[in-house]
Amino acid sequence: MTTDIKMQKKQEDAMSTTTPTRAPHQDVPTGHTEEGRVGAGLFDPKQLVRSLPEAFRKLDPRVLVKSPVMFVVLVGSALTTVFSFKDPGDWFGWTISAWLWLTVIFANLAEAVAEGRGKAQADTLRKAKTDTVARRLTKDGKSEEQVPGTELTVGDLVVCEAGDIIPGDGDVVEGVASVDESAITGESAPVIRESGGDRSAVTGGTKVLSDCIVIKITTKPGETFIDRMIALVEGAARQKTPNEIALSILLASLTIVFLLAVATLPPFAEYAGSHLTMVVLVALLVCLIPTTIGALLSAIGIAGMDRLVQRNVLAMSGRAVEAAGDVSTLLLDKTGTITLGNRQASEFVPVQGTTEAEVADAAQLSSLADETPEGRSVVVLAKEKYGLRERHQGELAQAEWIAFTAQARMSGVDVDGRKIRKGAAGSVITWVQEQGGTVADDAHTLTNRISEAGGTPLLVAVEDTEGARVLGVIHLKDVVKEGMRERFVELRGMGIKTVMITGDNPLTAKAIAEEAGVDDFLAEATPEDKMALIKREQAGGKLVAMTGDGTNDAPALAQADVGVAMNTGTSAAKEAGNMVDLDSNPTKLIEIVEIGKQLLITRGALTTFSIANDVAKYFAIIPALFAAVYPGLDKLNIMHLSSPDSAILSAVIFNALIIIALVPLALRGVRYRPMSADKMLRRNLGIYGIGGLIAPFIGIKIIDLLISLIPGIG
Amino acid sequence: MSPVLADVLQVTALIAALALVHRPLGDYMAAVFQSKKHLCVERWIYRSVGADPDTEMRWPAYLRGVLVFCAVSVLFLYLLMRVQDKLPLSLGFRPISPDQAFNTAASFVSNTNWQSYSGEVAMSHVTQTMGLATQNFVSAAVGIAVAVALVRGFARSRTGDLGNFWSDLVRCIIRILIPGSIVAAVLLIAAGAIQNFGDIHHLTTLTGQQQAISPGAVASQEAIKDLGTNGGGFFNANSAHPFENPNGFTNLLEIFLLLVIPFSLPRAFGKMVGSVKQGYAIVAAMGAIWFVGVVAVTWLEYAHPGTASQLAGGAMEGKEQRFGEGPSSLFSVSTTMTSTGSVNSFHDSFSGLSGGVLLMGMMLGEIAPGGTGSGLYGMLIMAIIAVFIAGLMVGRTPEYLGKKIGTREIKLAACYILVTPALVLIGTAVAMALPDGKDAMTNIGAHGFSEALYAYTSASNNNGSAFAGFGANTEFFNTTLGLCMTLGRFLPMVFVLALAASLAEQNPVPATAGTLRTENPLFVGLLVGAMVIITGLTFFPVLALGPLAEGLAV
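Chains A and B are the protein sequences, given in the same order.
The opening position of the first sequence corresponds to residue 41 in the working numbering, with each subsequent residue numbered one higher.
The opening position of the second sequence corresponds to residue 2 in the working numbering, with each subsequent residue numbered one higher.
Please note that the accuracy of each hint is not assured.
[Said to hold, decoys possible] PhoX-like, lysine-lysine: derived pairs with alpha carbons at most 25 angstroms apart:
#, chain 1, residue 1, chain 2, residue 2
1, A, 280, A, 247
2, A, 459, A, 425
3, A, 106, A, 179
4, A, 280, A, 159
5, B, 278, A, 582
6, A, 159, A, 179
7, B, 278, A, 106
8, A, 582, A, 675
9, A, 575, A, 521
10, A, 159, A, 98
11, B, 278, A, 719
12, A, 280, B, 278
[Claimed, not checked] Taking beta-carbon pairs under 8 angstroms as the criterion, some of the chain A residues facing chain B (in silico):
#, residue
13, 119
14, 123
15, 127
16, 128
17, 315
18, 316
19, 668
20, 670
Everything labelled a hint here was simulated from the structure, so no lab data went into it.
All residues carry an ideal CB built from backbone N, CA and C; glycine is no exception.
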């Protein structure tokens with residue numbers, strides 16, 4: 041994927057989250073691209089050069105000691121250098137020392153590059169975090185005082201007018217305003233923030249564009265959302281995750297094993313009649329200990345978080361990202377996640393004695409004064425399906441328009457002596473009866489049928505010379521987003537169960553659940569029900585992920601193993617979840633799970649690769665060390681390396697270069713596609729296990745050939 | 002019948018017999034450890050030692066039971082050997098020296114049965130039966146008890162209880178080892194092994210020399226020696242001695258005996274965790290390594306170059322004519338891979354590369370199929386390591402049998418796999434750095450090094466077999482090898498029991514399509530591959546300087 045395409049895609053993603061009338065396919069990823077869905081993370085070789093100074097800074101032993109494997113290499117490099125000073129004429133010692141230092145620097149470089157990508161993002165955020173002056177309301181609430189934003193305390197009330205930068209995180213307690221949150225979300229379209237309800241949270245560093253609001257500060261300066269974001273993307277707050285710690289322990293124990301194997305070698309070699317120099321021993325040790333994964337381990341972790349940040353998701357801890365990979369139950373809100381969120385007219389059904397075209401015409405006329413999304417969809421359907429041109433209210437003279445109101449639950453028009461009404465079944469039936477008309481029997485049958493199918497029926501009625509009567513029914517339907525069904529099939533294949541959460545009645549819920557292909561649903565869901573469901577799943581040993589935005593979602597978000605709060609949500613929800621989606625796109629939960637898995641797979645794959653590599657290194661080094669005293673061991677030199685020195689050097693060089701070669705993979709993550717564990721294991725074992733066995737044989741041989749071309753060596 | 006065909010038939014018969022027996026025996030063992038009832042004789046034992054067999058133990062209590070019991074055993078055995086001349090049926094033997102008594106006590110209590118003495122000229126009837134034969138039973142039972150505790154760790158959830166050590170120990174002896182040994186002893190006696198408490202016979206041979214023929218309760222000790230994967234022979238020549246192993250049938254029977262419990266325990270494991278398939282996967286991994294070992298050694302011995310060898314049909318030095326190439330190779334691989342350590346031929350005389358295979362069998366950590374109990378827990382630890390690496394590759398926190406392999410679990414498993422390599426390498430290095438190592442060798446060059454390496458590998462992995470040429474009865478070797486045996490046995494047990502507790506405390510994760518399956522051939526292959534590569538990498542340098550240098554020189 042080129043940069044341009046990626047940028048474009050990002051823009052699309054961004055657009056799709058704010059435009060309510062987005063096309064159904066836009067926010068569902070477009071199947072498998074070349075790099076896999078969660079490939080992402082481009083790698084620019086220039087980054088390596090830019091990160092070099094940082095890589096040297098990281099040579100500090102106090103920093104390196106956190107990675108036991110690389111610390112051993114550092115000590116080894118220092119040792120060989122000291123021994124080379126003792127014997128300055130020995131080119132071999134110097135060359136080995138140089139490559140050992142390079143090994144450490146390459147490892148630091150990998151980490152520096154991974155961090156560098158976050159730093160750029162952090163700089164952008166810092167710009168938003170300029171020092172603001174807050175207009176704080178005094179205790180009596182009557183007057184304002186000017187205080188620096190950094191001196192605000194929790195509970196302070198501040199006033200923000202158009203043009204002001206909001207001085208800290210808080211909730212709107214008075215007024216309504218449009219706010220530019222592009223500093224955080226990268227999204228230029230303004231959002232509405234108002235007191236009360238689920239859209240009251242504002243974030244420090246964002247800008248009020250219109251109107252005036254009073255904000256109650258909820259976070260201490262220095263701990264605001266933007267501060268946490270900066271820390272997160274910079275990696276300053278990065279702590280090793282449980283799984284990373286477990287892997288580090290395994291790597292450390294392998295390092296100890298190899299340290300023993302190498303440290304006990306001198307007496308054995310002495311007995312065999314060969315003397316091993318310190319340089320050779322260190323070279324052997326560094327080749328054996330798992331340097332590849334040891335060097336890339338932290339870069340993999342940082343890059344994993346970074347992949348989330350690139351998707352505008354902020355994970356509050358690496359632990360949450362890891363947990364995402366383990367999730368076995370996904371709770372998905374129906375509205376906005378599985379369905380488009382708005383019911384849309386899908387067909388016109390006439391009662392006996394009328395035609396579909398009549399119903400369509402009446403429905404369109406009566407919906408012109410209905411500005412709700414449902415009303416608009418009727419007009420759209422009439423145009424698309426029956427070719428009825430949209431008429432404007434001004435076109436029809438003497439028409440009396442009855443706009444839709446929540447109280448009347450009807451809209452309509454009186455024109456040319458005809459009264460046309462459209463609305464909720466109950467309201468329309470009452471209207472028909474008030475006009476002295478009758479309601480056809482099949483009108484009831486039709487509405488019931490539509491209800492049972494999970495749809496919402498709207499009745500269309502008319503009163504004219506023939507009296508008042510029902511013409512037909514509009515079928516309003518929740519439209520399932522395109523591609524969701526396939527997504528759920530994939531998830532099932534990965535062993536993840538999907539549960540749809542909805543406030544609808546069980547009948548409607550069931551119909552939509554079947555259409556979307558989710559495994560289960562929770563109808564008429566209250567926050568308590570949600571909580572109970574999560575606890576039930578967790579008691580069965582499952583990890584649960586969910587999204588939420590309202591204050592009443594907060595307890596469930598906190599209980600879930602992965603709780604993704606929408607950025608548009610309340611601060612309570614954002615506080616409770618362990619991730620925040622800045623795009624407020626609940627479908628992203630699926631991507632988050634995939635990123636979590638990809639992170640673990642990358643670690644496992646590189647560990648396997650690293651261990652498998654050792655086999656070839658032994659075949660290079662052991663004959664080089666001992667073929668002189670036991671000529672039979674030369675049979676192990678199956679690569680036919682040109683000389684003992686060249687063999688050892690080739691192994692060390694390969695060991696260093698493979699780190700750089702794998703940096704892009706570590707940053708990008710291994711290719712991930714949803715499939716069963718079995719298939720995935722077979723595939724990754726093939727690539728990284730078998731590949732890891734074979735690759736170094738080829739690599740070392742090539743390096744040896746090049747070395748042997750250098751005059752005076754080999 | 003050609004010898005090769007005979008070998009193939011023998012191996013086939015052995016595998017068939019094991020396949021036939023492992024299922025009922027495994028099911029029976031699972032039932033024994035899950036039963037709530039106590040036998041009358043067991044109640045009597047519990048009362049006499051003051052143990053309550055119904056209290057559930059948490060891991061520290063279970064471990065305390067193991068360690069206290071074994072410490073008392075070492076002390077008792079040590080004293081017995083030090084005062085054997087003052088006890089009845091002493092046969093006139095002198096007390097054993099302190100260092101050798103320590104070595105022998107450590108050896109028998111740790112189920113190693115390394116012998117730096119010759120049984121027939123050093124140990125009295127009382128020491129042999131009251132001391133050594135008793136340990137043959139209890140040391141095997143301790144291993145099984147610890148394995149059962151680990152299996153309970155997988156089978157149980159949200160509890161710290163691992164069962165009751167005393168009950169596991171006593172049941173294992175009373176219900177499994179004693180009945181099994183009786184059957185085995187009767188079969189051995191019927192086939193020609195000796196069983197008596199007579200005095201030494203003094204004979205004059207045809208050449209006029211004096212020879213002393215030692216009698217003893219050989220068949221009974223032979224039975225438990227193999228069944229409990231002990232390996233300490235009544236005679237110095239061990240199963241090469243015609244009184245212990247008179248003919249081809251007893252040879253095959255003994256191989257069967259030493260393999261039968263280790264190969265049946267995975268079935269019991271499968272039963273106890275509620276999925277026999279999981280047991281089959283473990284048995285398949287064990288069997289695959291064992292089978293490859295048998296084929297490799299047999300082939301290498303037949304193919305041994307040299308005129309003498311080829312005229313004899315293979316390398317016959319150090320092997321019994323009664324058995325020949327195939328059965329000797331089969332015995333050697335089975336005994337080194339089960340931590341038994343009894344021998345029917347001199348491993349010292351095997352070709353360089355064969356010696357390497359035997360060494361590798363022990364270096365794997367005695368898991369293919371390994372000792373009674375220790376084989377199963379060793380293999381389960383390796384499975385945990387394999388699951389951890391492979392589990393990451395399917396994108397989930399690794400889990401085995403529904404239990405997550407987290408930081409604590411991997412820490413304990415990593416400690417476990419560190420113990421024996423550390424003991425082997427450091428032990429051998431110390432011996433080689435001091436004059437002691439070279440003094441004890443009876444060979445020079447790479448083969449001499451193999452002898453020293455073999456001694457420490459065998460002791461640390463609780464095998465007990467020796468490259469017979471190695472003169473290990475010195476204060477230095479008795480002490481260092483004794484330490485290797487003790488640490489190699491009991492340190493891993495500490496980690497296994499702690500791990501069992503940490504698994505038992507977990508809430509199981511249900512298996513889904515996203516879970517790594519651990520009962521299919523792919524996983525078996527992965528497990529074997531991971532074990533061979535990790536062990537191979539650890540020991541490649543020493544194997545290169547010993548067996549490979551020798552074997553590839555030819």
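### Message
Name the hints, by number, that the structure is in violation of.
### Response
Violated hints (numbers, rising): 1, 3, 6, 7, 8, 9, 12, 13, 14, 15, 16, 17, 18 and 19; every other hint is consistent with the structure.
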